[in-house]
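Chains as they are written, first to last, in the numbering used here: chain A, 498 to 675; chain B, 29 to 509.
If you are wondering where the hints come from, they were derived from the structure by calculation, not from laboratory data.
Computed from a predicted structure; not experimentally measured.
Hints may contain errors.
Cut-off 25 Å, straight-line C-alpha distance, at most; resulting in silico cross-link-like pairs (DSS-like, lysine-lysine) [claimed, not checked]:
no.	chain 1	residue 1	chain 2	residue 2
1	B	Lys-241	B	Lys-170
2	B	Lys-435	A	Lys-561
3	B	Lys-441	A	Lys-562
4	B	Lys-495	A	Lys-561
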Amino acid sequence: MAESDQYYIDQCLNGRPDEFRHLVRRYQAVLSAYLTARLNSRTAAEEAAQETFVRAYFGLSELKKRRSFYSWLLGIAHRVAKEQLRDQKRLAQADCPPKQESEEEKVDLDLEKAIARLPDSYRQIILLRFYAGRSCSQIAAQLDMPLGTVTKQLSRAYAKLRQFLSDEKRCKDELHRL
Amino acid sequence: MNCTDCKEKLVQYLEGLMPEPQRQTIEEHLKDCHLCRAEFKELKDLSQRLTSDSRAFRQTNLEDEVFNRIMRLQNEKLKQADALNRQFRIWRKIMKSKITKLTAAAVILIAVLIGIHHFGGSIDGTSVAWADVVKQINNYTKYKCRQRVVREQGPEYPTMDVYHLNLSQRRQEVENGDIHIIDMRGKDAITVELKPSEMKATLTKLIGFGPRKDPHIIEMVKRFEQESTERLGTKEVDGKILQGFRHVPNEYNDFTVWVDPQTKLPVEIELIHTNSGQTILMDEFEFDFELDASAFSTKVPDGYEIKTIIRDYRPVESKEITAEDIRSELNHTAYTVGKLPWIKKLVIMQVVSPLMRVGKVYLTGIVSNDDNNIIIDQSNTHSDYKEAMMEWILKEQLVLETPSGAKLYTHPKSSEYARIFLESFAKANSEFFDMKNLSEERFTRMIVMPDGTIMGLSANKQMSNEKLQEFVESLIEIKAD
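Using the sequences provided together with the hints, build the complete structure.
If you want it as structure tokens, here you go:
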């Protein structure tokens, strides 16, 4: 059975830094998906995800609540994305052409953007459930909440996602009509 | 089963978490109700869309690249640490520390940091060798040394040469060219920070701070008790054999002194402040240095642009004050808490700064309807040390940015600070808070308002980000009537 985040963090801080690999493995897809939505680019997202993990690694000793590693990590990702967007803006101002996305990088951007718009608590659960491939019971254990709360939150997250996606679709349809 | 019940349970059903009898009920309802069937189909489609999108990401493999980066950075940090202190044994701590430079203003604080903890006891003179060292040090009233501070967290202090003329006067020559003169002989202590490169000077008058003697390290070393001083043997530095002594560490200090057996004077001193996670290294000692008296003068040389800061260190009485009082006392924007439905009680107090034990702090205490005690602290210190404090607060520790641009950071000593502020309020106003109700959930956040004003926010119990945001957004500037 996979160990908890806390276990791997303790291992890292007790002089076994290689154990951090487990945490990278666990959350790399989650971060990539979240950051793709924020940065609009899969390549930029992977770069930002790497940066997020590196910062997390060097900041582990400052993490007070080790159980909250996941939300802390998302917080770092959020800030890394913000910094990258700022840099992009600066580059754009300096007249550098924006990087073009290649075909293979195409993912369901509408969906990821909708996820990025979710309130933190819903987003955490959607990312864990699908992008980290965790079951509802595993999520309940990790976030220390009853299973019923997880399914309820998931249910509300679905509703929000559907709303965001249909808003997005309506906007696009209207644009087409113009 | 009606449609509302069914819709509520669809996710549970989709996730396969539904026990058998209920499962059948749902399935029967879905067969009969086209609306719920459509709803279920939408949920299933969305779930599939999420699964299929996640597949693209599950192939991501960042492991090796992340580890290459970590190794690279770690090596760089090790190299830096190694260059800084080859013989230094806490390089691991440096790796953890955020290397940031501190503005000159906060450097003056070093005096306080060094001087906090005294040794008790006296010298009994049983160990000849150590007694010789003490006797020799006693022959000198002034000395110069190079001082470096390594800290586990927070900003790094710059290396500096410190010239101690006596226990109340010193001159610090910082590696970046800045010069600090500290004179604590009078009732009002004076510090002068000169930036020759910019021809700028900051003159700080600390009213009621002096006269004060700086209990500096040499003084503390002199007070080592013989029986608690352990001999460490010898080591060779630059071709010279040095004799080591170590004082049995207590909860505050762990001293190691390396002495030149020929001169019987210290060559290196290492002081670890065990509970605050910092180490002070002193070397390149010169006893009886030759420096003109003007080198210790607090008169700012001609041509400098002078900024004057007045800090009042006279005793402060705790008393209830008004928002208007805060506004008139602060040298920057003062804030008060707006009307929020969950605020049960609001009290404003003036107290002595619980952190520095001198100077005033203005506390706004709030009792919420869920019996949380929330304190906002404002003071002029925050403004004087604004930049320095921002270096203290690591960028990684940003937890919240409100729509209006106020930022909330975690505090490196969150829980400890919350206790200190709650205790201070409890002492000043026992009705507001009773220390018996101190909670393990307590925390401190630093608020940086859009205009740069810094305030502390401490609470006894956890608050959700939504509530914190609502609270910070309600802060309004206190304006003159």
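These are the hints, each one checked on the structure:
no., hint, result
1, B/Lys-241 / B/Lys-170, "holds, 14 Å"
2, B/Lys-435 / A/Lys-561, "holds, 20 Å"
3, B/Lys-441 / A/Lys-562, "holds, 13 Å"
4, B/Lys-495 / A/Lys-561, "holds, 21 Å"
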